[in-house]
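Trainee: Place chain B on chain A using the hints.
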Amino acid sequence: MPESPISPNPHSSLPPEDHGTLAEWFDRRIGWRVPLREFLEERIPGGARWAYVFGSGLLFLLLSQAVTGIFLAMYYVPSADHAHTTVAYVMKVVTDGAFLRSIHAYGASIMVILLVIHVTQTFMYGSYKGRRELMWISGCILFALVLGMAFTGYLLPWDERAYFATAVGTNAMSEGPIIGQWLKLALRGGADMGTLTLSRFFVLHVFLIPLGLLAFVGAHLFLFRKAGPAGPPSPGTAEKKVGIFYPTQVLLDAAFALLLIIILALFAHFVPKGLGPSVNPADTSFIPRPEWYYRPLFQWLKYWEGPLVVIGILVVPGIITALFLGLPFYDRRPERRPWRRPVAVGTFCFVLGALIVLGIISYRVDNKDPVVAAQLVRQEEAEKQFMQAPFQPEVAGGSITASSTSEGSGSNPQTAKGKQIFESQGCVVCHGQGAVGTSMAVKLVGVGQQLPPDQLANLIRHPNAKMKAGGMPSFPLSDNDMKSLITYLDSLK
Amino acid sequence: MSEGPNLEKPEPSPDPPSPPVPAPETTGQPDRRRFIGWLLSISGAVVAVLLCIPLVRESLYPVFAKGTGGPGWSDLGPMDQYTQLAAPARQVIKIKTLDGWRQTISEKVVYVTKGPNGKVEVLTAVCPHLGCEVAWVQDQDHFHCPCHGGTFAPDGKYISGPPPRGMDTLPTTVQNGRLMVQYEYFQNLVPVKQVIG
Numbered sequence: 043m044p045e046s047p048i049s050p051n052p053h054s055s056l057p058p059e060d061h062g063t064l065a066e067w068f069d070r071r072i073g074w075r076v077p078l079r080e081f082l083e084e085r086i087p088g089g090a091r092w093a094y095v096f097g098s099g100l101l102f103l104l105l106s107q108a109v110t111g112i113f114l115a116m117y118y119v120p121s122a123d124h125a126h127t128t129v130a131y132v133m134k135v136v137t138d139g140a141f142l143r144s145i146h147a148y149g150a151s152i153m154v155i156l157l158v159i160h161v162t163q164t165f166m167y168g169s170y171k172g173r174r175e176l177m178w179i180s181g182c183i184l185f186a187l188v189l190g191m192a193f194t195g196y197l198l199p200w201d202e203r204a205y206f207a208t209a210v211g212t213n214a215m216s217e218g219p220i221i222g223q224w225l226k227l228a229l230r231g232g233a234d235m236g237t238l239t240l241s242r243f244f245v246l247h248v249f250l251i252p253l254g255l256l257a258f259v260g261a262h263l264f265l266f267r268k269a270g271p272a273g274p275p276s277p278g279t280a281e282k283k284v285g286i287f288y289p290t291q292v293l294l295d296a297a298f299a300l301l302l303i304i305i306l307a308l309f310a311h312f313v314p315k316g317l318g319p320s321v322n323p324a325d326t327s328f329i330p331r332p333e334w335y336y337r338p339l340f341q342w343l344k345y346w347e348g349p350l351v352v353i354g355i356l357v358v359p360g361i362i363t364a365l366f367l368g369l370p371f372y373d374r375r376p377e378r379r380p381w382r383r384p385v386a387v388g389t390f391c392f393v394l395g396a397l398i399v400l401g402i403i404s405y406r407v408d409n410k411d412p413v414v415a416a417q418l419v420r421q422e423e424a425e426k427q428f429m430q431a432p433f434q435p436e437v438a439g440g441s442i443t444a445s446s447t448s449e450g451s452g453s454n455p456q457t458a459k460g461k462q463i464f465e466s467q468g469c470v471v472c473h474g475q476g477a478v479g480t481s482m483a484v485k486l487v488g489v490g491q492q493l494p495p496d497q498l499a500n501l502i503r504h505p506n507a508k509m510k511a512g513g514m515p516s517f518p519l520s521d522n523d524m525k526s527l528i529t530y531l532d533s534l535k
Numbered sequence: 006m007s008e009g010p011n012l013e014k015p016e017p018s019p020d021p022p023s024p025p026v027p028a029p030e031t032t033g034q035p036d037r038r039r040f041i042g043w044l045l046s047i048s049g050a051v052v053a054v055l056l057c058i059p060l061v062r063e064s065l066y067p068v069f070a071k072g073t074g075g076p077g078w079s080d081l082g083p084m085d086q087y088t089q090l091a092a093p094a095r096q097v098i099k100i101k102t103l104d105g106w107r108q109t110i111s112e113k114v115v116y117v118t119k120g121p122n123g124k125v126e127v128l129t130a131v132c133p134h135l136g137c138e139v140a141w142v143q144d145q146d147h148f149h150c151p152c153h154g155g156t157f158a159p160d161g162k163y164i165s166g167p168p169p170r171g172m173d174t175l176p177t178t179v180q181n182g183r184l185m186v187q188y189e190y191f192q193n194l195v196p197v198k199q200v201i202g
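Same order as they appear, the protein sequences are chains A and B.
The first sequence lines up with residues 43 to 535 when you count with this note's numbering.
The second sequence lines up with residues 6 to 202 when you count with this note's numbering.
Since the hints were made in silico from the structure, they are not lab data.
The reader is advised that the hints may include incorrect statements.
[Claimed, not checked] Cross-link-like lysine-lysine pairs, in silico, BS3-like; alpha carbons within 25 Å at most: (1) A:Lys426 with B:Lys71; (2) A:Lys525 with A:Lys485; (3) B:Lys124 with B:Lys71; (4) A:Lys459 with B:Lys113; (5) A:Lys485 with B:Lys113; (6) A:Lys459 with B:Lys124; (7) B:Lys124 with B:Lys113; (8) A:Lys134 with A:Lys426; (9) A:Lys485 with B:Lys99; (10) A:Lys268 with A:Lys283; (11) B:Lys99 with B:Lys113; (12) A:Lys315 with A:Lys134; (13) B:Lys198 with B:Lys119; (14) A:Lys459 with A:Lys508; (15) A:Lys315 with B:Lys71; (16) B:Lys101 with A:Lys134; (17) B:Lys124 with B:Lys99; (18) A:Lys134 with B:Lys71; (19) B:Lys198 with B:Lys99; (20) A:Lys282 with A:Lys315; (21) B:Lys113 with B:Lys198; (22) B:Lys71 with B:Lys101; (23) A:Lys410 with A:Lys426; (24) B:Lys113 with B:Lys101.
Isolated chain B (complex conformation):
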């Protein structure tokens, strides 16, 4: 092999001839070594913790996210079309549910109607009794639940049958002249409306 002495692992010379002594022994400067050891350990730990911050924030999303959108509003079309309502209007709205990077779109039935004070209101079609879809019966001028025969007035007020309360109103708003509704689910079989999601 090679004769170049610098190619081989150098042997610690027992008796170094030159003043810059090779192979500083581990016992030579124990204080300096220990100090650097502590310095490296502490600064290494600090840097490691700092580096973990983005990892934790990324992997635990959405724990550290600021305001992830809030509830979604569904479009019911221009407000104008509801000002002259003669009877409750059945509308199918699209509900968007976010599941990570996926979005599920489902359809829900709501009724746009006039409330007691003449204001436009939106009622969910879910019966407060057992959750069947309430139908509007034009000839009899009331809502009728096909499952157990509950009936409601055009503004959703309870008339007859097993339901414990009237039909539930949904939060609405008007954006750029369009009626928007926020779909919610309510606890059934209780006399007072309770939002459950």
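For reference, chain A alone in the conformation it holds in the complex:
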């Protein structure tokens, strides 16, 4: 505790005088030194190790994802008609936009890898034992939330790859019993994928799941500090040497974070993440494939058909999830050395190995089928081509396009002539294109319903005082031209 100088006059309401360093000045007001010391002096049984860097590495990556995500959101519009253009804009136009998006996209993959390593390390060390049930469960929930972030974020670029992968993903959900169909309908916001699907995935990805992550990361860290690190699994090792978080473990964690940054930056710089052409739901030749971390599940679901699908989609994953989630509740032996826990470690390795094998099979099946392989290569090529093409801005609503200019002049020659008069006589200058009105003059759309033609013609030839004051000149048009002009004005709606 820092000693605060005692005020010479106990009755004085003034605080004691400030002296000392700037750090002390702040500490007297904030009191940050005690919690900081508490944080840095965490005891690490067995001393600092490289094996412990994965948790802090995940925390660091989560922060990186949050920051890059916020900056990407500066340009992103979550709507089916703009999403792809805005992502293409970030990729092709915005300075360092491609770099940041690549960091974000590759960061997701590295997070999944680190998660698996973190869980494996926790499992092998038996670190879930000893009043760490809630910590384990919060970790399981975090795992699910990260996979949810990966699933929802994948759709947002709204290119073909994203669209079709999510279409398959949500279709797979619908095969689940009872709530399957309902879940698909709710996630998609309708029977088909569309702009509502994109809005929902955006809100999940940017607001709801991050809130859950924040809450459970907080819980996970709090419970971790409460229970303390478990230390190495061999009995006695932890007692021989007790390390302190600062400085050795802090240095190891920082070095690992630096390694992560370097790997991500190198990938993002030299092989930036691609973006495919915009969604074309009518493209039936497109072969959807999920991102690599969903490949095992993708392959697994292929083996289950008809009534057996319930087993593949619900029973087996359900059993594995329940076994995983309940682990610290039924595995209550204090033994933590992995070679003394053959059943638990064997089961874990079997499941992990099976997932890896399923993933490899999925890629091999694609490579062996020449039709699929050729199509996948075509898709890669289309993506490369799209990335090389210059950015194509979206034509804004309200723009004069070929279709809107031909309107009103197409069908009726008199209307066309009237439009020409409207433009050549300068009416358009004040009343605007299509007579929609400007700051200088009123709109004339619908004026035909308010005034009979002869009265309107009279006003155009001889404007009243109010119109003259607004700058309306008189137009001595011939009867024929006047008729055309009024026909044109009548045609505007």
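Mentor: Structure of chain B alone, referenced to chain A:
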């Protein structure tokens, strides 16, 4: 609960029996700790600043962008069609304005005409008086502004009426045999042409 001693938060043993002393005290190596503290703070700050560079460059776009295209040129069609001009030709050009990832297309009226030395010139139809759209009147062989009656010669020279100067010429170029024009706006009511955008 578990009996495994390594599962619980280890208590600092008051009297360690073995030489590798557990629980190095914070006061043990203050110089080393302080040095590492400085090292971490400084290198952390350097890395943080480096990481902020792409964030700043991305979020402040286009501050750090190199040459964002420059002015756009609008196509007026093949140059050949303008070599034998008898009278100013009214043309509607499309102006593309970029607004981030959106593009607004608007139409502007220009006249392709022969300049004083016989060169092809492009005039904006905006009257230098109050900005009305000047019309070409074929029968009278001059331009006529419908708002306040200013008139101009076929090459845009001032003839009569309230306008302070003749019609304004626009920058042109020929690319691949096509006449291109760059649309500009000019200050009205002043005797000398001034570009305002």
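Trainee: Which numbered conditions among the earlier hints are violated in the structure presented, ordered from lowest to highest?
Mentor: Those not satisfied are hints 3, 6, 14 and 20.
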